[in-house]
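Novice: Spelled out, the chains give:
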Amino acid sequence: MSDEANKGLLSPLRRKLLMGMAAVPAITMLPRASFAQAPATSAVNTTGLAVTDTEVTVGILHSATGTMAISETGSIQAEKLAIEQINAAGGVLGRKIKFIQEDGASDWPTFAEKAKKLLVNDKVAAIMGCWTSASRKAVLPVVEQYNGMLYYPTFYEGLEQSKNVIYTGQEATQQILAGLNWIAKEKGAKSFFFIGSDYIWPRTSNKIARKHVENVLKGKVVGEEYYALGSTQFNSVINKIKLTKPDVIFTDVVGGSNVAFYKQLKAAGVDLAKQPLLTISVTEDEIDGIGGENIAGAYACMKYFQSLDNPNNKAFVSAFKKMWGEKTVIGDVTQAAYLGPWLWKLTVEKAGSFDVDKIAAASPGVEFKGAPEGYVRVHENHHLWSKTRVGRAKLDGQFELIYETADLVEPDPFPKGYQ
Amino acid sequence: MIINSRFFNRSELMGFIALAAVLFVILPLTLDVFRLNLVAKYLTYAFVALGLVLCWGYGGILSLGQGVFFGLGGYCMAMFLKLEASSVENTKIQSTPGIPDFMDWNQITALPLFWQPFHSLTFTIFAIILVPGLFALIIGTAMFKRRVGGTYFAIITQAVAAILTILIVGQQGYTGGINGMTDLRTLKGWDIRPDHAKIILYFVEVVLLFACIGIAQFIRLTKLGRILVAMREQEDRVRFSGYSVANFKIFAFCMAAIFAAIGGAMFALNVGFMSPSFVGIVPSIEMVIYTAVGGRMSIFGAIWGAILVNFAKTSLSESFPQLWLFGLGALFIAVVLAFPNGLSGLWADYVQPRIDQLFASRRAKAGWNDNSVADGAPAE
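Quick note, the sequences are listed as chains A and B, same order.
For the first sequence, the numbering used here gives the first residue as 1, with consecutive numbering after it.
For the second sequence, the numbering used here gives the first residue as 1001, with consecutive numbering after it.
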């Protein structure tokens, strides 16, 4: 009977202790499941996914080869790091995560084929993957048809929402609006010149930016130019910029084209210290190729910079470098990719099940306090609440944080008045 | 003459039976639907390879732009399927419901005129054959009538592939740009995505492939086929004999284009997807590689080449996601260096003699009067 009294005393104490510990962000990395017995497989997996009593399989689907490999490698590394950390902390519902990696080879139909293979053959519980919008558009019908779960890391154009996708990057309004507001206020900018690569993401982003400049900021867009992906000749647009003298150059040029663009800009005598330039497409990864000396002074609008000063990020950066080498840099998308496995783990534990329908339903409201970007929460529309940040590029290829929104910005993939 | 009138000689008949057995019986029985669908995807390239055998292997015209015709056929099919998938109720979240999603993203508010006829399946089927056929006719006439051939022709076809890719990517409001046309769902209300539909589509494709093999074989055995080979070996002599070399070349090129287009259309149906990544220079060269690996002189060899190379691509990339491209490259180099006539050359040099020997010794035993010296195949 003294036993019973002890138990009565102990268990609230224990619960309190646990709750207290759970409030410490670092503790989200410790397994709740290891305190209890792992629940039976039959209970947590009713749809025949690859879940055993000790293991659960997920897929990683990025381009390890081809033109996109340079961008997607960071995402692959971040996802592997997250999986390793989750496993070290006891796994998901008491099960270790095993991953199957497939190569999308920078080829959109290959992405679709591999996604199908992961879902149909391997029965993976979730896919961490895709990078370009084109690859996501190719994979989307597959994950919807076979009811899979995709964690998609890249900032993108919006205009999409799916039960089967969690978008861990920002959609266009989250990325653009706060940045434009900031530069309009800070620099008194009224005239803007848009330059983008010619595909859906820059075009949609610029459409949103144009509406915002014209209708909200009461400014003017003095030029809007597009260049084919991979283009390396920007001299004519640089001449136009010199002629129109915009207050701000707003760019969403992607990939290797950036190297040519910033070098030619510098060669033409445009000094980014005096001519404000706001980019939504250059992260630390791109600067690696562009060279810090060519882009120093430019502003980038992102949600994450490697230089963010918070304990989560410091731990993340050092773990990342320990696993992948001191020289690696971490860009916005890499961080967003790191969120994928964590959000999935937290959602599975919230739902108490690996079933895709239950995860889709449990996702809204899931919060990850250990996020390197600070804190994120999943919205009803399966995008993340997150802050918008503006950084200034430095000579060493890092960004110096200049501005961040006070609150989390609500994701709005179908923005009214911007379409 | 009696022997020549036979549609297949003995080794071809065996090739035919073997291919039919594998495609109609063995693969459907042993593979699950996912893998069978992958085979269907490989087979779409077999159509291209078949066309290349006619045009390159027999006619000696190397085209590095077959992706253009594959793409045109595929896009025609995809336009029809995309229109059906973009019904008003499927697209009600768009600013303009009832048009394909990529048009809506590009601020297009009405269906462009050249899309209108693709509401009709009959028109689409004709377009799949005629659009690439006419396009090949124009290129062929412009080139061959001026006696542009060989390397120059190959370079020009490659330029055409590059131009068409740029056009498709640039006109994204009308074509879906680099994303391509995705999320194709139904054909005349029949859902093309579930498993049973995939199986039916697979068999439809195999039947079509055999129909095309029949056509190719027929062309080969007629006088036309012999003139093609003669042209390849001694173009001037054929011209001096009074034949219009240009017309024969145009014909072979158009046939290759039409075969490729059928492959492209089947691709759109089987994969539910079409994008500029099948139109450009790289896929066009890959298509030539399949044919070279299989053997450009052999109809069945080229088809096996398309199947095996794509199979290797899938399995290597599944097993070695980081290194598979090197493996594939090594495979090509090895095949081309060691067996310049491809797999079919390997077969003809090493396997076929054994089989012939076997038959010959049996016949000798039976005391047959055998005079099968010159079979119908054109001299290689």
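Hint data in this document are derived by calculation from the structure and do not stem from the laboratory.
Some clues are possibly wrong.
What the hints assert, rightly or not - Every beta carbon over 12 Å from chain B, so not counted as near; a handful from chain A, in silico: (1) 144; (2) 215; (3) 243; (4) 364.
Said to hold, decoys possible - Simulated coverage check for chain B against chain A, where a stretch passes if three residues somewhere in it have a Cβ under 8 Å from a Cβ of chain A: (5) 1114-1127; (6) 1245-1258; (7) 1321-1333.
Stated by the list, open to error - Residues on chain A that point at chain B, a partial pick, calculated with CB under 7 Å: (8) 141; (9) 199; (10) 315; (11) 319.
All C-beta atoms, glycine included, are put in the ideal place defined by N, C-alpha and C.
Novice: Can you give the numbers of the hints that this structure goes against, from lowest to highest?
Specialist: 1, 5, 6, 10, 11
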